[in-house]
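Same order as they appear, the protein sequences are chains A and B.
Those letters in the first sequence? Residues 540 to 723, per the working numbering, in order.
Those letters in the second sequence? Residues 261 to 515, per the working numbering, in order.
In short, the hints are calculated from the structure, not lab data.
Where is the CB? At the ideal position from N, CA and C, for every residue including glycine.
Mixed in with the good hints, there may be bad ones.
[Claimed, not checked] Quick list of the computed label-pair ranges, beta carbon to beta carbon:
no. : chain 1 : residue 1 : chain 2 : residue 2 : range
1   : B       : Lys-345   : A       : Asp-634   : 51 to 61 angstroms
2   : A       : Ala-614   : B       : Trp-419   : 52 to 62 angstroms
3   : B       : Met-412   : A       : Val-579   : 31 to 41 angstroms
4   : A       : Ala-614   : B       : Val-408   : 46 to 56 angstroms
5   : B       : Lys-345   : A       : Ala-621   : 35 to 45 angstroms
6   : A       : Ala-613   : B       : Trp-419   : 52 to 62 angstroms
7   : A       : Arg-590   : B       : Leu-425   : 44 to 54 angstroms
8   : B       : Met-420   : A       : Val-579   : 38 to 48 angstroms
9   : A       : Asp-566   : B       : Ile-470   : 23 to 33 angstroms
10  : B       : Leu-487   : A       : Gly-561   : 21 to 31 angstroms
11  : A       : Ala-604   : B       : Ile-400   : 30 to 40 angstroms
[What the hints assert, rightly or not] Which residues of chain B face chain A? A few of them, derived with a C-beta cut under 7 angstroms, are:
no. : residue
12  : Ile-284
13  : Trp-297
14  : Thr-299
15  : Ala-303
16  : Met-307
17  : Val-314
18  : Arg-325
19  : Val-327
20  : Glu-337
21  : Pro-360
[What the hints assert, rightly or not] Once the Cα atoms are required to be at most 25 angstroms apart in a straight line, the calculated DMTMM-like pairs of lysine to aspartate or glutamate come out as:
no. : chain 1 : residue 1 : chain 2 : residue 2
22  : B       : Lys-357   : A       : Glu-602
23  : A       : Lys-668   : A       : Asp-681
24  : B       : Lys-462   : A       : Asp-566
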Amino acid sequence: MATETIAADELAVHGAEAAGPGMPQLDVSSFPNQIFWLLVTLGVIYFVLSRFALPRIGAVLAERAGTITNDIAAAEELRHRAREAEAAYDKALADARAEANRIVAETKAQIQADLDAEMEKADAQIAAKTAESQKAIDEIRDSAARNVSEVARDVARDIVAAFGAEADAKTVDAAVDAKLGERA
Amino acid sequence: MATETVAAEGESGLVFHPFDQFEIKPLFGEIGDPVSWYTISNATFWMALAALCVVLLLVVGTRGRAVIPSRVQSAAELVYGFVYKMVEDVTGKEGLKYFPWIMTLFLFILFSNYLGLLPLAFTPTSHIAVTAVLALGVFIGVTVLGFVKNGMAFLGLFWMKEAPLFLRPVIAIIEVISYFVRPVSHSIRLAGNLVAGHAMIKVFAGFAAIAALSPLSVVAITAIYGLEVLVAGIQAYVFTILTCIYLKDALHPSH
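Starting from the given sequences, assemble the full structure and let the hints guide the process.
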């Protein structure tokens, strides 16, 4: 590059003769120089490439391909494991659900049994109370019936007395009882 | 480019020196000094710079050897993968033995082309001497390889078994001619593309001396520069893939 500027400065002297020979490409006198340095350059590039650059890049690319393959395999493995874990989770969930159902059924049965027992007890108590009450009612009814007959005898005796008829108590009572007995 | 402006200002009319940029000059010493084969010239300098860029990209850039690459390492791997795949696709697995050679060619041409696009740069691949050595190297290497690998069967490359018998000698002559034209087209394609682009930029730069034309000149230079950026990459690719195709012919001469 520096030479280019120098060339510019000296163009006044040099310009005329440069225009003369035409294309510098056809100047055979410069060929040995170019060919020699071209071969040197190609040799250097080939040496550097075949010794350092290409093996290194090839190794890096191979290593990367290997890493990618390994990573994919690892990912596959992980996915497999994730699937297994999911299956295990699903199984555990199903088991837990079944267990829960079982517990629910058991508890329900237990409660039902308790309920039945309590029901029975309550029924028995109710029956006992009913019987007791029945007895009391019966007693009341009996005593009421007795009172009725007594009142009837008294009334009958008084009526008989009022009519002036002589009658002993026993006869009146028997007559009243007989009448009540018919009614009943 | 500095030379153009100086020259244009110094004289009254338009002066074009589109080929000055291709001159081989000694890097040290006087302008007129003779350039012998060992002289360190501008060609030497820019070739060395290309080699340095190769080292920077592919050796320094990959020194981390990282599984997750840095940006430079990523670029190096991209270039490696690009050329590796090209060799594998075109020549098959057997061609991979010659991958370092093809990589050398590709990187040298690629970096020479791109470095040549820097202002004031010299482009080694714009010289027919350079591209001819590259192309002849490929030609001789591939031909020798073809005979070593296949013996005389390599000549089957010129003998079309599918063609009718009476046409085969004619086709063989054409095939032989086209085979020997390969290094010519191979080298001239590369040098010609670069010379044309660089010279065109200089010509448009010369027009900038006329004030009325200078904006147009700048636009044109920009457009051609963009085109040249494409050409630099494409020509490196073309040279490399042709090398792969020639190599394929040497490894599998039957059509």
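Results of checking the hints against the structure:
In this structure, Lys-345 of chain B and Asp-634 of chain A meet the distance hint of 51 to 61 angstroms, their C-beta atoms being roughly 57 angstroms apart. The supplied range of 52 to 62 angstroms is met by Ala-614 of chain A and Trp-419 of chain B, whose beta-carbon atoms lie about 55 angstroms from each other. One distance hint, 31 to 41 angstroms for the beta-carbon pair Met-412 of chain B and Val-579 of chain A, holds here, with the actual separation near 36 angstroms. Between Ala-614 of chain A and Val-408 of chain B the beta carbons are some 48 angstroms apart, a value that agrees with the proposed interval 46 to 56 angstroms.
In this structure the hint that Lys-345 of chain B and Ala-621 of chain A lie 35 to 45 angstroms apart at CB holds, the actual value being about 37 angstroms. In this structure the hint that Ala-613 of chain A and Trp-419 of chain B lie 52 to 62 angstroms apart at CB holds, the actual value being about 56 angstroms. Between Arg-590 of chain A and Leu-425 of chain B the Cβ separation comes to about 51 angstroms, which falls inside the hinted range of 44 to 54 angstroms. Range check, Met-420 of chain B to Val-579 of chain A: Cβ separation about 42 angstroms, and the 38 to 48 angstroms hint holds.
Evaluation of the 23 to 33 angstroms hint for Asp-566 of chain A and Ile-470 of chain B yields a pass: the beta carbon distance comes to about 31 angstroms. A beta carbon spacing of about 25 angstroms between Leu-487 of chain B and Gly-561 of chain A agrees with the range 21 to 31 angstroms that was offered as a hint. Between Ala-604 of chain A and Ile-400 of chain B the C-beta distance comes to about 36 angstroms, which sits within the given range of 30 to 40 angstroms. At a threshold of 7 angstroms, the smallest CB-CB gap from Ile-284 of chain B to chain A is about 4 angstroms, leaving the interface hint in force.
Hint on Trp-297 of chain B holds. Least Cβ distance to chain A is approximately 4 angstroms, under the 7 angstroms limit. Hint on Thr-299 of chain B holds. Least Cβ distance to chain A is approximately 6 angstroms, under the 7 angstroms limit. Restraint check, Ala-303 of chain B versus chain A: the minimum CB separation of about 5 angstroms is within 7 angstroms; hint holds. This hint holds: Met-307 of chain B has a C-beta 4 angstroms from the nearest C-beta of chain A, less than the 7 angstroms allowed.
Interface hint at Val-314 of chain B: satisfied, since its Cβ lies 5 angstroms from the closest Cβ of chain A, which is below the 7 angstroms cut-off. Contact between Arg-325 of chain B and chain A, as hinted, is supported at the beta carbon level, the nearest pair being about 5 angstroms apart and thus within 7 angstroms. Hint status for Val-327 of chain B: holds, given a least beta-carbon distance of 5 angstroms to chain A, under 7 angstroms. Evaluation of the Glu-337 of chain B hint against chain A yields a held restraint, the C-beta minimum of about 6 angstroms falling below 7 angstroms.
A cut of 7 angstroms between beta carbons decides the hint on Pro-360 of chain B: the least distance to chain A is about 4 angstroms, and the hint holds. Among the hinted pairs, Lys-357 of chain B with Glu-602 of chain A is consistent with the structure: their alpha-carbon atoms are about 21 angstroms apart, no more than 25 angstroms. Distance restraint check for Lys-668 of chain A and Asp-681 of chain A: the Cα-Cα separation of roughly 20 angstroms lies within the 25 angstroms cut-off, and the hinted pair is therefore satisfied. Between Lys-462 of chain B and Asp-566 of chain A, the direct Cα distance comes to roughly 20 angstroms. Compliance with the 25 angstroms bound is thereby established for this hinted pair.
Violation of the numbered hints given earlier is absent; every hint is satisfied by the structure.
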